[in-house]
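Colleague: So the sequences go chain by chain: L and B. Counted from 1, the first sequence has number 570 at position 88 by my numbering; the numbering is strictly sequential. Counted from 1, the second sequence has number 92 at position 91 by my numbering; the numbering is strictly sequential.
These are calculated hints, taken from the structure and not from any lab test. Treat the hints with care, as some may be off.
Stated by the list, open to error - One-sided and incomplete, this derived list gives chain B residues near chain L with beta-carbon spacing under 7 Å:
#1 2
#2 4
#3 51
#4 185
#5 217
#6 222
#7 226
#8 227
#9 236
#10 241
#11 256
#12 257
Stated by the list, open to error - Have a look at the derived ranges for each label pair, beta carbon to beta carbon:
#13 238/B - 776/L: 22 to 32 Å
#14 85/B - 512/L: 27 to 37 Å
#15 187/B - 597/L: 20 to 30 Å
These numbers come from a predicted model, not from an experiment. Cβ coordinates follow ideal geometry from the N, Cα and C atoms, glycine included.
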Amino acid sequence: MDLSVRIGKGVLKNPVGVASGTFGYGQEFAQVMDLDKLGAIYTKAISMEPRRGNPTPRIVETPSGMLNSIGLANVGVEKFVTDKIPFLAGLDTATVVNVVGTTMDDYCNVIKRLDDIDTVWGYEINLSCPNVEAGGIQFGTDAAMIEEITTRMRGVTEKPLMVKLSPNVTDIAEMARGAERGGADAVTCINTLVGMVIDTARQQTVIARKTGGLSGPAIRPIGVRMTHEVSRAISIPVVGIGGITNTDDALQYLLAGAKAVQVGTWNFVEPAASQDIAAGIADYMARHGIARIDDFAALLDRRKDG
Amino acid sequence: MQDQTVRVTANRAISPDFLEVEFEWRRDFGLPAPGQFFELRITETTAPLLRRPYAFSGYDPDRQVAAMVYQVRGQSTQMLARREPGQTVRVLGPLGNAFGLDGRPEKVVAVAGGVGLGPILFAARDIAAAGSAVRVVAGFRTRDLIPDRGLWHGLETAVCTDDGSEGFAGNVVDHLRSLPAADLDGARLLACGPMPMLAATHRFAQERGLVCEVSVEEMMACGLGVCVGCVVERADGEMVRVCTDGPIFDSGVLAWT
Ligand SMILES: Cc1cc2nc3c(=O)[nH]c(=O)nc-3n(C[C@H](O)[C@H](O)[C@H](O)COP(=O)(O)OP(=O)(O)OC[C@H]3O[C@@H](n4cnc5c(N)ncnc54)[C@H](O)[C@@H]3O)c2cc1C
Ligand SMILES: Cc1cc2nc3c(=O)[nH]c(=O)nc-3n(C[C@H](O)[C@H](O)[C@H](O)COP(=O)(O)O)c2cc1C
Ligand code: FES
Numbered sequence: 483m484d485l486s487v488r489i490g491k492g493v494l495k496n497p498v499g500v501a502s503g504t505f506g507y508g509q510e511f512a513q514v515m516d517l518d519k520l521g522a523i524y525t526k527a528i529s530m531e532p533r534r535g536n537p538t539p540r541i542v543e544t545p546s547g548m549l550n551s552i553g554l555a556n557v558g559v560e561k562f563v564t565d566k567i568p569f570l571a572g573l574d575t576a577t578v579v580n581v582v583g584t585t586m587d588d589y590c591n592v593i594k595r596l597d598d599i600d601t602v603w604g605y606e607i608n609l610s611c612p613n614v615e616a617g618g619i620q621f622g623t624d625a626a627m628i629e630e631i632t633t634r635m636r637g638v639t640e641k642p643l644m645v646k647l648s649p650n651v652t653d654i655a656e657m658a659r660g661a662e663r664g665g666a667d668a669v670t671c672i673n674t675l676v677g678m679v680i681d682t683a684r685q686q687t688v689i690a691r692k693t694g695g696l697s698g699p700a701i702r703p704i705g706v707r708m709t710h711e712v713s714r715a716i717s718i719p720v721v722g723i724g725g726i727t728n729t730d731d732a733l734q735y736l737l738a739g740a741k742a743v744q745v746g747t748w749n750f751v752e753p754a755a756s757q758d759i760a761a762g763i764a765d766y767m768a769r770h771g772i773a774r775i776d777d778f779a780a781l782l783d784r785r786k787d788g
Numbered sequence: 002m003q004d005q006t007v008r009v010t011a012n013r014a015i016s017p018d019f020l021e022v023e024f025e026w027r028r029d030f031g032l033p034a035p036g037q038f039f040e041l042r043i044t045e046t047t048a049p050l051l052r053r054p055y056a057f058s059g060y061d062p063d064r065q066v067a068a069m070v071y072q073v074r075g076q077s078t079q080m081l082a083r084r085e086p087g088q089t090v091r092v093l094g095p096l097g098n099a100f101g102l103d104g105r106p107e108k109v110v111a112v113a114g115g116v117g118l119g120p121i122l123f124a125a126r127d128i129a130a131a132g133s134a135v136r137v138v139a140g141f142r143t144r145d146l147i148p149d150r151g152l153w154h155g156l157e158t159a160v161c162t163d164d165g166s167e168g169f170a171g172n173v174v175d176h177l178r179s180l181p182a183a184d185l186d187g188a189r190l191l192a193c194g195p196m197p198m199l200a201a202t203h204r205f206a207q208e209r210g211l212v213c214e215v216s217v218e219e220m221m222a223c224g225l226g227v228c229v230g231c232v233v234e235r236a237d238g239e240m241v242r243v244c245t246d247g248p249i250f251d252s253g254v255l256a257w258t
């Protein structure tokens, strides 16, 4: 049985990763789990300059989920290199750097700064930032812009390049095609959905910036549906994410068409949960006679109305 | 820091407002220090989803039992109030830093507002046991909400009520102001309670040139320093995480707006 996953020129030893923004830079979790059991760690978004992020409250719980409005607060690429890479480099798991910026040059410059570092396995491009050059509309909501930025980044790296898709669009498959045309090696599906919670006693929104990104088990059916749709629209791999808490949830994504998965919000609830999922997937594959991760894709369509 | 499933050993109301829960905490989980907190999960399901942070109110190393004083606010605390001895909960901790940022002070005035009483009493007992002078000031809205006085047995404690129905009439900072200057001379203030009370205690400390350590509350998702949800602003503009850079801060380094 083979748990490995090929993405562009890279190979992940198993399909289970931990999602950007929910795992810091890995170190904090080393005390409660074995990080080497992960296929990949997707870092908190990294920008050229450090970012302070949004005002508080930044988080609020919702039914089986949460809203966050962290605002991509991060240490900036230089501090990431000096303070965070050394720890990540010592792990037997791929480091995928989640990249963010407000101009296309910003994105490319983060990649240029990191590309010579051997232990940076690849990049996941977070397009949920407003593009200052295009009047503040989000990079991730326009297929032509996704294609252009992916093409630009493809020009500065040979390493695996994943584009993380926003679900806050009318047609996510069209966005995925833009990424594929631009030369992405994979797409990640999905980022958070925009939501709002109102405190009726105070008659104001709970989140200081009014809206936040919804994540957690509440969004799992949406993530699975979008993974299903996107994996049928493009031929590059899909990394499925949204509300995964255990092996069964991860299997739903693999059966929907994903080649790899990420555990996000659940890391806050059960910080060691991600370490057992790869073994759980292996167990399921053994029981169902599935030899490779690629073989999951056809299973659903065998059923009449899958 | 450890993530463990432990048994509740006691859970009882100590006032119309407060409850106290005790639970197993083996020494090898790490000895909780006053001011530190843990993240509690009380369900096997996804609602409520996130763990909740609570400060230790005591630790008994012989019985290997930890305690926490709490107030029912929403879903998780309602569920916690229904937990019976023998049932289990999940605890992740000890988390965060502790009172006594520059080592153990010689003379302390420990100020509690509401449910901040738990960690303040823990700190006061710890400091008294080490031989320093300590005085507790605890504020409540009214006499009926004052918990079991046995909680501060052996500690010099001034009770304040907003409506004057027992003890000092006024809030904790009014009480501090009423003390003879010599009582506060060279004392370190420790404070835990609602933000407005912490801000008032900080201003008082500034006026008197005293150092004040405050325990700050913010909404938390992870408690581990990774989500960056729980930040507060420092006077120098830097955003710091309550869960890992705190929850105890020298009040002088924070931006009070
Ligand atoms: C470091 C730290 C230590 C704490 N120690 C204690 C303690 O010893 N005893 C205790 O009773 N409580 C303590 N709290 C607060 C405790 O976390 C909240 O009471 C708890 O999250 C409420 O959960 P709930 O599901 O019952 O209510 P929810 O439905 O989550 O919230 C009910 C109300 O409480 C407010 N609230 C929720 N979480 C917080 C928070 N973290 N800070 C401020 N307000 C909040 C919400 O805005 C809401 O209005 C502490 C918080 C922190 C950050
Ligand atoms: C607190 C928090 C911070 C996040 N930060 C980032 C980020 O920096 N970059 C990014 O691409 N996604 C970020 N995300 C989105 C997650 O990576 C993930 O796409 C989303 O939460 C859905 O997965 P989940 O339901 O398993 O959490 C963040 C999510 C949360 C909850
Ligand atoms: S609660 Fe997540 S960083 Fe503090």
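Colleague: The structure should be examined with respect to each hint, and the outcome stated for every one.
Modeller: Hint-by-hint comparison with the structure:
Because the beta carbon of residue 2/B sits about 5 Å from the nearest beta carbon in chain L, less than 7 Å, this interface hint is met. Taking 7 Å as the C-beta cut-off, the interface hint given for residue 4/B holds, the closest approach to chain L being about 5 Å. Because the smallest distance between the Cβ of residue 51/B and any Cβ of chain L comes to about 5 Å, under 7 Å, the interface hint for this residue holds. The interface hint given for residue 185/B is broken, as the beta carbon of that residue sits about 32 Å from the closest beta carbon of chain L, more than 7 Å.
Given hint, residue 217/B at the interface with chain L, is violated; its Cβ is 11 Å from that chain's nearest Cβ, farther than 7 Å. Because the smallest distance between the Cβ of residue 222/B and any Cβ of chain L comes to about 5 Å, under 7 Å, the interface hint for this residue holds. Below 7 Å, beta-carbon pairs count as interface contacts, and residue 226/B has one with chain L at about 5 Å; its hint therefore holds. The criterion of a C-beta within 7 Å of any C-beta in chain L is met by residue 227/B, whose closest approach is roughly 3 Å, and the hint holds.
Checking residue 236/B against chain L by beta carbon gives a least distance of about 15 Å; that is not within 7 Å, so the hint is violated. Because the beta carbon of residue 241/B sits about 11 Å from the nearest beta carbon in chain L, more than 7 Å, this interface hint is broken. Using the Cβ-Cβ criterion of 7 Å, the hint placing residue 256/B at the interface with chain L is not satisfied: the shortest such distance is roughly 12 Å. Interface restraint check for residue 257/B: the shortest CB-CB distance to chain L comes to about 14 Å, outside 7 Å, so the restraint is violated.
In this structure the supplied range 22 to 32 Å is violated for residue 238/B paired with residue 776/L, their Cβ-Cβ distance being about 50 Å. For the pair residue 85/B and residue 512/L, the supplied restraint of 27 to 37 Å holds, since their beta-carbon distance comes to about 35 Å. The hint said 20 to 30 Å for the Cβ distance between residue 187/B and residue 597/L, and at roughly 57 Å that hint is violated.
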